[in-house]
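Throw the hints in and build the complete structure from the sequences for me.
So the sequences go chain by chain: A, B and C. Under my numbering, the first sequence has 126 at position 125, and the numbering climbs by one with no breaks. Under my numbering, the second sequence has 437 at position 18, and the numbering climbs by one with no breaks. Under my numbering, the third sequence has 782 at position 142, and the numbering climbs by one with no breaks.
Simulated from the structure, these hints should not be mistaken for lab results. Just to be clear, a hint being listed does not mean it is correct.
[Claimed, not checked] If you anchor each label on the Cβ, the simulated ranges turn out as follows:
#, chain 1, residue 1, chain 2, residue 2, range
1, A, 257, B, 576, 56 to 64 Å
2, C, 755, B, 557, 44 to 52 Å
3, A, 10, B, 598, 45 to 53 Å
[What the hints assert, rightly or not] Okay, the calculated bits of chain B under chain A, using three or more residues with CB under 8 Å as the criterion:
#, stretch
4, 528-539
5, 543-556
6, 602-613
7, 757-766
These figures come from a predicted structure and were not determined experimentally. We put the CB at the ideal spot given by N, CA and C, even for glycine.
As a plain string of letters, each chain reads:
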Amino acid sequence: MNEIVRGIVAFLLWPGLISAVLLAWFYLWLGRKVTARLQGRQGPPFFQPFFDFVKLLGKKMIRPTGINMGLFLGLPLVSLISVLAALALIPAPGSTSISFPGDLIFLLYLLEMPALVDILVGYVSRSVYAQVGAVREALLSLGHNLPFIVAFIALAIQAKSSNLQTIVDMHFSLVQIFAAIALIIAIPARVKANPFSIPNAETEIVAGTHIEYNGPALAILELVHGLEIVALSGLLASLFSGMVTGVLPSLIVYLVVSILVVIFTSLLAASTARVKVQYALGFYWRWGALAAALAVVAAVM
Amino acid sequence: MPYRIPIGPYHPALEEPYKLQLSCTGETVQAVEIEVGFTLRAIELLAQRRNYVQDIVLVEHVCGICSNVHATAFAMAAEKIAGIQIPDRARYIRTIMGELERLHSHLLWAGIGSEDIGFRSMFMEMYYVRESIMDILEVISGNRVNYGMIAIGGVNRDIPDPKLILPKVQELRKVLENMAIPIFTRNATVKSRTVKIGPLSKQDAIKYGVVGPMARASGVNIDIRQDLPYAAYQDLDFKIVTSEDGDVQARLVVRALEMLESVRLIESALANMPSGPIRIDDPFPTIPAGEATSRVEAPRGEAFYYVASDGSDTPLRVKIRTPSYINIPAIPLLCVGQNLADMPLIQASIDPCVSCTDR
Amino acid sequence: MTFDLETKLSSLAGAYKLIHAQDGSWLDAPDLNVVEMADLFLKIGLRLTTVTGIALEDGETQLIYHFMDGGTVLNVKVCTKKNVIASITSIMPSADWIEREIHDLYAVEFLGHPHLDRLVRPPELPIGFFREKGGEAGKQQRAQTQTKVS
Numbered sequence: 002m003n004e005i006v007r008g009i010v011a012f013l014l015w016p017g018l019i020s021a022v023l024l025a026w027f028y029l030w031l032g033r034k035v036t037a038r039l040q041g042r043q044g045p046p047f048f049q050p051f052f053d054f055v056k057l058l059g060k061k062m063i064r065p066t067g068i069n070m071g072l073f074l075g076l077p078l079v080s081l082i083s084v085l086a087a088l089a090l091i092p093a094p095g096s097t098s099i100s101f102p103g104d105l106i107f108l109l110y111l112l113e114m115p116a117l118v119d120i121l122v123g124y125v126s127r128s129v130y131a132q133v134g135a136v137r138e139a140l141l142s143l144g145h146n147l148p149f150i151v152a153f154i155a156l157a158i159q160a161k162s163s164n165l166q167t168i169v170d171m172h173f174s175l176v177q178i179f180a181a182i183a184l185i186i187a188i189p190a191r192v193k194a195n196p197f198s199i200p201n202a203e204t205e206i207v208a209g210t211h212i213e214y215n216g217p218a219l220a221i222l223e224l225v226h227g228l229e230i231v232a233l234s235g236l237l238a239s240l241f242s243g244m245v246t247g248v249l250p251s252l253i254v255y256l257v258v259s260i261l262v263v264i265f266t267s268l269l270a271a272s273t274a275r276v277k278v279q280y281a282l283g284f285y286w287r288w289g290a291l292a293a294a295l296a297v298v299a300a301v302m
Numbered sequence: 420m421p422y423r424i425p426i427g428p429y430h431p432a433l434e435e436p437y438k439l440q441l442s443c444t445g446e447t448v449q450a451v452e453i454e455v456g457f458t459l460r461a462i463e464l465l466a467q468r469r470n471y472v473q474d475i476v477l478v479e480h481v482c483g484i485c486s487n488v489h490a491t492a493f494a495m496a497a498e499k500i501a502g503i504q505i506p507d508r509a510r511y512i513r514t515i516m517g518e519l520e521r522l523h524s525h526l527l528w529a530g531i532g533s534e535d536i537g538f539r540s541m542f543m544e545m546y547y548v549r550e551s552i553m554d555i556l557e558v559i560s561g562n563r564v565n566y567g568m569i570a571i572g573g574v575n576r577d578i579p580d581p582k583l584i585l586p587k588v589q590e591l592r593k594v595l596e597n598m599a600i601p602i603f604t605r606n607a608t609v610k611s612r613t614v615k616i617g618p619l620s621k622q623d624a625i626k627y628g629v630v631g632p633m634a635r636a637s638g639v640n641i642d643i644r645q646d647l648p649y650a651a652y653q654d655l656d657f658k659i660v661t662s663e664d665g666d667v668q669a670r671l672v673v674r675a676l677e678m679l680e681s682v683r684l685i686e687s688a689l690a691n692m693p694s695g696p697i698r699i700d701d702p703f704p705t706i707p708a709g710e711a712t713s714r715v716e717a718p719r720g721e722a723f724y725y726v727a728s729d730g731s732d733t734p735l736r737v738k739i740r741t742p743s744y745i746n747i748p749a750i751p752l753l754c755v756g757q758n759l760a761d762m763p764l765i766q767a768s769i770d771p772c773v774s775c776t777d778r
Numbered sequence: 641m642t643f644d645l646e647t648k649l650s651s652l653a654g655a656y657k658l659i660h661a662q663d664g665s666w667l668d669a670p671d672l673n674v675v676e677m678a679d680l681f682l683k684i685g686l687r688l689t690t691v692t693g694i695a696l697e698d699g700e701t702q703l704i705y706h707f708m709d710g711g712t713v714l715n716v717k718v719c720t721k722k723n724v725i726a727s728i729t730s731i732m733p734s735a736d737w738i739e740r741e742i743h744d745l746y747a748v749e750f751l752g753h754p755h756l757d758r759l760v761r762p763p764e765l766p767i768g769f770f771r772e773k774g775g776e777a778g779k780q781q782r783a784q785t786q787t788k789v790s
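Dropping the structure here:
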């Protein structure tokens, strides 16, 4: 197999488009089901995220006046393609993805795209609620990016390389544990789950940046949200899947860790109220930064 | 340059239509304007076109949450004009209905407050226990919201079996003591959203004449059940709940403790309920010429009625002053200088009832 | 609160007659200066509950100021002059909405109110919607209009 074919397979099959979309729907369902059971509700049927997606695709798209169609539809597509590219780079077990020096940096940039697009979407929508949502998204990304990026810096220092495969393959140590803690602290804010559902708070700013979005454009944004969960939990899981040898055992570790991340996020969301953006920033700059700093110290030692 | 952001009249944080026009710089609120009147039904005017029996039903529709309070206050005003003494058992039944209504109103409020700070699980839990209170109300009166219990000169239905009510209110006490109050006062995320938010000083509370839990949370010692006891409150040794803090947390705690007090009042009223008739013999008493005021402590505060009669079957004038009407104008006071994220919670913390305000 | 209402009230200008009823004291003082009254009551610590407007035959409006504090209840009946009366909002902020509503529904002008806008009805509609007779008189009036229509 030459590199182009391997890249395409990674992008479209595993861990890219098809498998990631299926996993995204599964994780969205799992999160909603866990939350519902905790709240004494029945919860949605298994195929609900799929139904939601299909329903939104079938809707007529209403574009607010004064917004360029290219921007309105283009931004979600940019977001979708970036997150799919990021997924293709994740060193999931059995992945055929191309590995190159510095792909970690590329991955971090790609993962940042959905947040950037959300901010742009907020400003493009010409709604005051969306603009407040965009400001909040921008502020929140200052918070959660600190532990997220510093955790990867620590891993890169430990591996003496910015290649993802090298990082995953390295001997398991304290660095991975601290990095994993920093990542799991960052994940609820990155997927905008409670208590950090600040940019998409319904009761305050009417679901924030996506307020003017509807139909297929909203379907894509919702799908991106699911794919982000897959990418982030997968990234965290890939740190642990290096512990075992063989494709099948590491695949099981990969999926189990991902599912645990989803369940943890849902449990946290169900047991907390939404905090304010200042509080969230304070939290990330204090505790998130501490976990990340410990990872760096462990790596340097 | 401040920007303007509207909350309402249609907004997910408001269950009823009124409008807050906020001027903000960044996320800080600089000025607030309030608009009401989206649901004016002119009940005061309709009341002076109908007879007293029809009016009892009409004033129940002032508010879906505290319907019983309005019927009680109207009936009390008419009874004062006519000099009617209602039977003892009726006084106790009115008390029990009033307190059950307070429980379901406060639980509804706790649910909506949780929803406003994004605490879905607490919302579900509060509505779950509220449903059992609604069931009791339905068992007693046959209705879930507009109970039709109050008649001029007594009540329409008896409470046949205290055993139907007692276990459920005792269960509510357990939920409140073991879950709701600890979570509302100790959960770090809840505290970060409620402590020192939306403060109202005691001076401002008196100046703006706010009533009910909002006044009591600011340290103002007013409660109609204590000041001008009606129904059976003077027999039941009512204890007022106040707090000095004046923030959203204080309003939460005052309401939670008030629910415990309501549970106690219901238990005590059920235990001491005298036997006898539930209403006077005359089903349609004549109201002579005269005028009277009556005040009843609704879940949100003091509800005031003024009724004037010319001796015919139709009142000359019915004036309704609901608690929200006097509390809502104080919202700008609570909001200025606060964070935009806190607006839904601050306005919810006074438990505004727009249906009452517009009447 | 324990104080002698009658001696306090005697300092107020305007004819008055204090009646003690089952539901508190009623003061009938059509010509009372409401600003002085509000000043005095604020000092005593009486809380304004609300103001009732009643449309009178001659186009005037009777205003009943309802006050209370603790167990003390006081109702003051005042009458407008040419449907105009002084505003007490500057003294008691709680009167702001009350006066706006009475202006909206009874077409009473409150002199000195900072922003006497409509409160409950849309600005396109005429003010004074509630100026209608109640009781027996109102019933007869409605019966007459109904026969005219049919």
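Results for each hint:
| no. | hint | verdict |
| --- | --- | --- |
| 1 | A:257 <-> B:576: 56 to 64 Å | holds, 59 Å |
| 2 | C:755 <-> B:557: 44 to 52 Å | holds, 45 Å |
| 3 | A:10 <-> B:598: 45 to 53 Å | holds, 52 Å |
| 4 | 528-539 | holds (count 7) |
| 5 | 543-556 | holds (count 3) |
| 6 | 602-613 | holds (count 5) |
| 7 | 757-766 | holds (count 6) |
In the structure shown, no violation is registered for any of the earlier numbered hints.
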